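Using my numbering, the final residue of the sequence shown is 162, and nothing's skipped along the way.
Hints are supplied without guarantee of correctness; some may be wrong.
What the hints assert, rightly or not - FRET-style restraints, in silico, Cβ to Cβ:
(1) D107 <-> K72: 31 to 37 Å
(2) S37 <-> G118: 38 to 44 Å
(3) L128 <-> A93: 19 to 25 Å
(4) A58 <-> K92: 23 to 29 Å
(5) E116 <-> Y73: 25 to 31 Å
(6) I34 <-> G118: 35 to 41 Å
(7) D99 <-> F49: 43 to 49 Å
(8) Y73 <-> I34: 16 to 22 Å
(9) F49 <-> K111: 54 to 60 Å
(10) K32 <-> E116: 32 to 38 Å
(11) D99 <-> V15: 14 to 20 Å
In short, the hints are calculated from the structure, not lab data. Here the structure is a predicted model, which means the values were calculated and not measured. The beta carbon of each residue, even a glycine, is placed where N, CA and C say it ideally should be.
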Amino acid sequence: MSYRCFGGVILGDVVLEWTVPHVLSKQQQLIKAIVLSAAIVLLFDAIFFIALALIFVAALVLVYIFVIRNWKYEYEFEYVNGDMEVAKIIRKAKRKTVDRFQRKEIDYVKKGRIHEQGINILDYTSGLPNRDVYSMKVKNQMVYFEPIEEFLLEMKNYHKLR
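Produce the complete structure using the sequences and hints provided.
And the structure:
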């Protein structure tokens, strides 16, 4: 598991960038195994029931293309002068901006997964156990993520880290 990060101060601007690769959960691994097993069984069944097997094989191909392929992704965090952007990079080919936060909107950043009543939870973590997960409260949302040290120092400078 590797994390890429870039950080620094360029002409007075604070620029931090890091990525967190996502690992499939046990449930997703099970679904992937079931779909692959079903594909193998249907391949053997195609010998006896060609018409029915073609329908199932087409369904499995569609499930693979639209669901399982999209499970290989990572989160990219960009922090520039107080503005933070979270992007989801799917299969290292497609980049989709998921969220944007401004430093003035951040109430606090705390270590651990904080649960508060009536707040939406956004999970941008790798899914691996024993990782340092932080909670960041932004407006009416709780964001779980795995920051780099430079980001924590930046939040400490603005009294957002508790």
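Hint by hint, here is what the structure shows:
1. Distance hint check for D107 and K72: the Cβ-Cβ separation is about 33 Å, which falls inside the suggested range of 31 to 37 Å.
2. The beta-carbon spacing between S37 and G118, approximately 42 Å, falls within the hinted interval of 38 to 44 Å.
3. For L128 and A93, the Cβ-Cβ distance of about 23 Å falls inside the hinted range of 19 to 25 Å, so the restraint holds.
4. The given range of 23 to 29 Å is respected by A58 and K92, whose C-beta atoms sit roughly 27 Å from each other.
5. Separated by about 27 Å at the C-beta atoms, E116 and Y73 satisfy the suggested range of 25 to 31 Å.
6. A hinted range of 35 to 41 Å holds for the C-beta pair I34 and G118, which are about 36 Å apart.
7. One distance hint, 43 to 49 Å for the beta-carbon pair D99 and F49, holds here, with the actual separation near 47 Å.
8. The given range of 16 to 22 Å is respected by Y73 and I34, whose C-beta atoms sit roughly 21 Å from each other.
9. Our hint of 54 to 60 Å for F49 and K111 holds, since their Cβ atoms are close to 56 Å apart.
10. Range check, K32 to E116: Cβ separation about 34 Å, and the 32 to 38 Å hint holds.
11. Checked against the hint of 14 to 20 Å, the pair D99 and V15 passes, with Cβ atoms roughly 18 Å apart.
The structure shown violates none of the earlier numbered hints.
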